[in-house]
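Q: Work the whole structure out from these sequences, hints included.
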Amino acid sequence: MSWILFLQNKRFPILVKLAVLITLAICLTAAVIGYVMLGRQARFFREEVTARGQALIQHLAENASTPLLERDELALNVLVEEAKNSKDVAYAAVVDSRQVILAHNDLLQIGRVLGPSGHGETGKLLEFVAPVRFQKKELGLVRLAMSEDGMRRSLRDARIFIVALMAGIIGLGIGASLYVSNIFSRPIRLMVEGTKALGQGNFQHRLPPLSVGRGQDELTDLGAAFNEMAEGLRRKELLQDSFGRYVSPEIAEMIFQSSAGPWLEATRREVTVLFVDIRGYTHYAEHTPPGVVIEMLNQFFGLATEAIIRNGGFINKFLGDAIMALFGALALQPDQAHRAALAALEIQSGVEKFNQARLAEGKDPIVIGIGINRGDVVAGSVGSAARMEYTVVGDAVNVASRLTSAAKAGEILLTRMALEPAAEQLEVKSLPPLHVKGKTEALEVFCLVGRKEHGTQEGSHGA
1 MSWILFLQNK
11 RFPILVKLAV
21 LITLAICLTA
31 AVIGYVMLGR
41 QARFFREEVT
51 ARGQALIQHL
61 AENASTPLLE
71 RDELALNVLV
81 EEAKNSKDVA
91 YAAVVDSRQV
101 ILAHNDLLQI
111 GRVLGPSGHG
121 ETGKLLEFVA
131 PVRFQKKELG
141 LVRLAMSEDG
151 MRRSLRDARI
161 FIVALMAGII
171 GLGIGASLYV
181 SNIFSRPIRL
191 MVEGTKALGQ
201 GNFQHRLPPL
211 SVGRGQDELT
221 DLGAAFNEMA
231 EGLRRKELLQ
241 DSFGRYVSPE
251 IAEMIFQSSA
261 GPWLEATRRE
271 VTVLFVDIRG
281 YTHYAEHTPP
291 GVVIEMLNQF
301 FGLATEAIIR
311 NGGFINKFLG
321 DAIMALFGAL
331 ALQPDQAHRA
341 ALAALEIQSG
351 VEKFNQARLA
361 EGKDPIVIGI
371 GINRGDVVAG
381 SVGSAARMEY
391 TVVGDAVNVA
401 SRLTSAAKAG
411 EILLTRMALE
421 PAAEQLEVKS
431 LPPLHVKGKT
441 EALEVFCLVG
451 RKEHGTQEGS
461 HGA
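Each residue of the sequence shown is one higher than the one before, starting from 1 at the first, in my numbering.
Don't read these hints as lab results, they were simulated from the structure.
This list has only true hints and no planted wrong ones.
Cross-link-like lysine to any residue pairs, in silico, SDA-like; alpha carbons within 20 Å at most: (1) Lys408 / Gly280; (2) Lys408 / Val449; (3) Lys236 / Phe203; (4) Lys136 / Ser65; (5) Lys408 / Gly450; (6) Lys439 / Ser401; (7) Lys363 / Val292; (8) Lys439 / Gly375; (9) Lys84 / Gly115; (10) Lys84 / Leu74; (11) Lys87 / Leu155; (12) Lys87 / Asn77; (13) Lys452 / Glu424; (14) Lys363 / His283; (15) Lys124 / Arg153; (16) Lys84 / Leu107; (17) Lys317 / Asp376; (18) Lys408 / Leu434; (19) Lys87 / Arg152; (20) Lys439 / Arg416; (21) Lys84 / Glu73; (22) Lys137 / Leu102; (23) Lys196 / Leu207; (24) Lys84 / Ala55; (25) Lys363 / Tyr284; (26) Lys84 / Asp106; (27) Lys17 / Ser177; (28) Lys408 / Asp364; (29) Lys87 / Arg153; (30) Lys196 / Arg206; (31) Lys317 / Gly302; (32) Lys84 / Arg46; (33) Lys124 / Leu114; (34) Lys124 / Phe45; (35) Lys452 / Arg416; (36) Lys452 / Leu345; (37) Lys363 / Leu297; (38) Lys196 / Glu231.
If you're wondering where the values come from, they're calculated on a predicted model, not measured in any experiment.
A: Shown next, in the form of structure tokens:
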């Protein structure tokens, strides 16, 4: 039983299983066909010998009546010799009513009493007996024996032919089974390889045609469906990767897991809005080659985006040379104001390093202004059926934009609303009240200097 357990625990490819199954089916079919054919052939040979023996004995009985009546032993022996010369005849004899042999192909048997049955020297005999009559009077008997040796030789030749034929069929069947098994196992093998490739993140993997020939079948549909799925996953991965450039990975994952989630519904919520703007961009763009301008913008947007996303912010839009970012818009962030301030400080530090590199290359530095405000806004998806955009509108957004415009070179301005939640963690400098468009009263404004030393641990956060 150990080999059975071995086979049960052994993993065999589908190609091998199909080939073995088809081969066994072919062998079983060939064995059944061979057995049936040999049985029919044996019956055919026996029936043929029997029919020939009956015809011979009947002919002998009809022609032996007159010579037997006349006791013409010479004529009887001629008839016996003629019968003996026929194929497969072992012996032929004519006996009188007392069973005394009057004619026999073996002359030594003449005058003896013929026994009830005979066995030839070469094997079993088929014996036939027929009465010899003259005008309804029985004069004696004719006896004839047919040898089975010829039948057995013919049957052996037929068996050899059938076995050789079956062996050829089995050989062809094994080759055909391997070919057919490969045809049916190939799509499965390719599907397994493709699934593993997708599981490893290779969304460029595509399946070749799973069917042989020009005909369309289910395997063709299966391969096309797999490739469509792979293309969909590739696009989703590309979209998720691209979307991840504008929001933190946690927020991106939340959105992709619930694309029709409540975050898309129009609602009023408290957010912290951060604007960052490049000063003197219009003059710079007019006097600088377009390629250089785009390169500078991409480098600046890259460092600003990384700082915003690293602190859990969401890039709402790029406005020419400016960025609008939101904190607390897509996911609840109790420390959203602190996150926005840290992002602004990182942008400020990043721009300083960026300018050092530009000066080393002989390029002019860039100057930015940053404004941060916190307040209630209306958030939701706006646009048309063809294109939608998630954004926020409200006075808090306008105030943040006005602060950015009012910020001096390199300054980060905050309102009282933006400062209060993180006041113990941030070092600020109070500025004179600021009058902005759309506000009747002056705003209490602060300039963000940095983080307080004792608040560093409290201000630790994750994206």
